[in-house]
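Engineer: Given chain A, work out where chain B should sit, using these hints.
Top to bottom, those sequences are chains A and B. Mapped onto this note's numbering, the consecutive letters of the first sequence carry residue numbers 1 to 304. Mapped onto this note's numbering, the consecutive letters of the second sequence carry residue numbers 305 to 608.
Be aware that a few hints might be false.
As the list claims (entries may be wrong) - Simulated DEER-style distance windows between Cβ atoms:
{"hint": "1", "chain 1": "A", "residue 1": "133", "chain 2": "B", "residue 2": "591", "range": "34 to 42 Å"}
{"hint": "2", "chain 1": "B", "residue 1": "429", "chain 2": "A", "residue 2": "135", "range": "39 to 47 Å"}
{"hint": "3", "chain 1": "B", "residue 1": "489", "chain 2": "A", "residue 2": "162", "range": "48 to 56 Å"}
{"hint": "4", "chain 1": "A", "residue 1": "5", "chain 2": "B", "residue 2": "551", "range": "45 to 53 Å"}
{"hint": "5", "chain 1": "B", "residue 1": "464", "chain 2": "A", "residue 2": "74", "range": "45 to 53 Å"}
{"hint": "6", "chain 1": "B", "residue 1": "481", "chain 2": "A", "residue 2": "240", "range": "48 to 56 Å"}
Stated by the list, open to error - Derived pair list, reagent style BS3-like, types lysine-lysine, alpha-carbon separation capped at 25 Å:
{"hint": "7", "chain 1": "A", "residue 1": "113", "chain 2": "B", "residue 2": "577"}
{"hint": "8", "chain 1": "A", "residue 1": "273", "chain 2": "B", "residue 2": "417"}
{"hint": "9", "chain 1": "B", "residue 1": "417", "chain 2": "A", "residue 2": "287"}
{"hint": "10", "chain 1": "A", "residue 1": "273", "chain 2": "A", "residue 2": "287"}
{"hint": "11", "chain 1": "A", "residue 1": "113", "chain 2": "B", "residue 2": "591"}
{"hint": "12", "chain 1": "B", "residue 1": "577", "chain 2": "B", "residue 2": "591"}
{"hint": "13", "chain 1": "B", "residue 1": "417", "chain 2": "A", "residue 2": "113"}
Source of the hints: derived by calculation from the structure; they are not laboratory data. Nothing here was measured: the structure is a model prediction, and the numbers come from that model. Beta carbons are placed, not taken as given, at the ideal position from N, Cα and C, and that holds for glycine.
There are 2 protein chains.
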Amino acid sequence: MTDSSARGVYVAALTPMNDDLSPNHAAFASHCRWLLASGADGLAVLGTTGEANSFSVDERLALLDALGEAGIPGRALLPGTGTCAIPDTVTLTRKALELGAAGVVMLPPFYYKGVGDDGLFAAYSEVIERVGDDRLRVYFYHFPAQSNVPISHDLIERLLKVYPTAIAGIKDSSGDLSNMLAMCERFPGFGVFAGSEQFLLPVLRAGGAGCISATANVTVAACAEIYRQWQKEQADRLQEGLTAQRLAIQSQALVPALKQIMARHSGDQSWIKIRPPLMPLAAEQAKSLFDALDATGFSLARAA
Amino acid sequence: MTDSSARGVYVAALTPMNDDLSPNHAAFASHCRWLLASGADGLAVLGTTGEANSFSVDERLALLDALGEAGIPGRALLPGTGTCAIPDTVTLTRKALELGAAGVVMLPPFYYKGVGDDGLFAAYSEVIERVGDDRLRVYFYHFPAQSNVPISHDLIERLLKVYPTAIAGIKDSSGDLSNMLAMCERFPGFGVFAGSEQFLLPVLRAGGAGCISATANVTVAACAEIYRQWQKEQADRLQEGLTAQRLAIQSQALVPALKQIMARHSGDQSWIKIRPPLMPLAAEQAKSLFDALDATGFSLARAA
Numbered sequence: 001m002t003d004s005s006a007r008g009v010y011v012a013a014l015t016p017m018n019d020d021l022s023p024n025h026a027a028f029a030s031h032c033r034w035l036l037a038s039g040a041d042g043l044a045v046l047g048t049t050g051e052a053n054s055f056s057v058d059e060r061l062a063l064l065d066a067l068g069e070a071g072i073p074g075r076a077l078l079p080g081t082g083t084c085a086i087p088d089t090v091t092l093t094r095k096a097l098e099l100g101a102a103g104v105v106m107l108p109p110f111y112y113k114g115v116g117d118d119g120l121f122a123a124y125s126e127v128i129e130r131v132g133d134d135r136l137r138v139y140f141y142h143f144p145a146q147s148n149v150p151i152s153h154d155l156i157e158r159l160l161k162v163y164p165t166a167i168a169g170i171k172d173s174s175g176d177l178s179n180m181l182a183m184c185e186r187f188p189g190f191g192v193f194a195g196s197e198q199f200l201l202p203v204l205r206a207g208g209a210g211c212i213s214a215t216a217n218v219t220v221a222a223c224a225e226i227y228r229q230w231q232k233e234q235a236d237r238l239q240e241g242l243t244a245q246r247l248a249i250q251s252q253a254l255v256p257a258l259k260q261i262m263a264r265h266s267g268d269q270s271w272i273k274i275r276p277p278l279m280p281l282a283a284e285q286a287k288s289l290f291d292a293l294d295a296t297g298f299s300l301a302r303a304a
Numbered sequence: 305m306t307d308s309s310a311r312g313v314y315v316a317a318l319t320p321m322n323d324d325l326s327p328n329h330a331a332f333a334s335h336c337r338w339l340l341a342s343g344a345d346g347l348a349v350l351g352t353t354g355e356a357n358s359f360s361v362d363e364r365l366a367l368l369d370a371l372g373e374a375g376i377p378g379r380a381l382l383p384g385t386g387t388c389a390i391p392d393t394v395t396l397t398r399k400a401l402e403l404g405a406a407g408v409v410m411l412p413p414f415y416y417k418g419v420g421d422d423g424l425f426a427a428y429s430e431v432i433e434r435v436g437d438d439r440l441r442v443y444f445y446h447f448p449a450q451s452n453v454p455i456s457h458d459l460i461e462r463l464l465k466v467y468p469t470a471i472a473g474i475k476d477s478s479g480d481l482s483n484m485l486a487m488c489e490r491f492p493g494f495g496v497f498a499g500s501e502q503f504l505l506p507v508l509r510a511g512g513a514g515c516i517s518a519t520a521n522v523t524v525a526a527c528a529e530i531y532r533q534w535q536k537e538q539a540d541r542l543q544e545g546l547t548a549q550r551l552a553i554q555s556q557a558l559v560p561a562l563k564q565i566m567a568r569h570s571g572d573q574s575w576i577k578i579r580p581p582l583m584p585l586a587a588e589q590a591k592s593l594f595d596a597l598d599a600t601g602f603s604l605a606r607a608a
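Chain A with its partners taken away, still in its complex shape:
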């Protein structure tokens, strides 16, 4: 692991929207600023939680530019840039590099299923070659339940051999801790991020890089606390409390649940807006979410 590698708590930032469901740039920048002030080491913007795939490429480019213009430091960013189409992935990745991003989180092309490691090797290679920039640091995005296109260890090994600098790590959203630990062991120096703060402590103890998490939009302060104290004896107790909050939130659909929590704690109901096919929680779902969350002693450290 070099000093420049991304490490710590990265938030898969939510994207606030206007009434017409266009992205609200000012609110987005403000949320990102608040996350960094609340202890986030960085921001994995435009991921699953950021509804990136529900935005056009132009909308995503404009969101990235808006962060740059708002003074969010590029080195704090790990934007999601993986799409179904190589030219789009290249365009988004170039924009991330232009902003000075620490790296990009790259979904495999996710429309075709069962393409195998040869197809994914070809796709990632093609993107890396076309981007053609020594600064590129690719974090794979392994999210089998969402993409249905898993990233195998053999694929990682093959790509690491050919692109030892560009291939930097992975966000593992499989929920399978044993997979994360196996990668920490098999690929020294490869930045393994748990896709949920539920696994932050065990992944750090195994030499992993940290977590990139959706729920960190609202648990960022507690995540940061564990990252500061993970080598101390209170770490297990802190992780236990954080895990309870994570599990309470993921009892509902994650992105709508997080927007609902932001709306409640900020008092700004426009947080609830979400692009179809995602839908706001129904009233009884929101109540059930809040009941579960309140039972964990949850509080949002600062209003957004």
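Structural biologist: What follows is chain B alone, placed relative to chain A:
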């Protein structure tokens, strides 16, 4: 069913590529012209078989314009326009209408899984409202194995109630004939297309609209023959022969297999080019494909 509805044999046209994997416009138009001359009633361009999701929106718009400029009649087209992002789906759908397309084949937004009928209802409604054009005819694209986002009969019913003119039919690529027949029965006047010519005859007999098929790129003449003769006694025998060809082709990955067949029968090896994550067949896969296909007595009526 009104007279203007799409009916018959629609080919999910392949997209030929240049050496740099950009779409080859001239070869695309030439292939489309050949398919129509070989008996296709229309062309479902830019679908799964056309590798649409591997192209940027701009590349897709340019491909549609290229067909218009080449004189392919708009009314013969049922372009695929469904993407993960509503603005992209709207842009592509408007272009299809501008060309005078008979309709569009619209995948649901396919990144988020398990979104439920409410989310899909909202997504399709949002697209139809934003397009805001009385000429719009939407054919759902039900392809659970590829999109992992199935189209339920309840969703169809709900959308038909609100948009009785815009909701025109479905391409059912589930491979489940009973699902196709159930829709023919439940939704009179709704254009049910089998997603494979394997089911062309039973779907026509149940009052369905025809087929929209990948393999029709190479079986188009035989498909057209069945569509001409489906009410005659030789129809079952014709369907039997056609089904054998379809099954032989789908013994390999479908899009690479079709490109391989086009290359062999046209003599133009550039047909093999394909965008990652799809990959050309390996030599032994191609041999196995050709052996299986030759055993059915297959011949491509005319060279492309």
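Engineer: Out of the numbered hints, which ones does the structure contradict?
Structural biologist: The structure breaks none of the hints.
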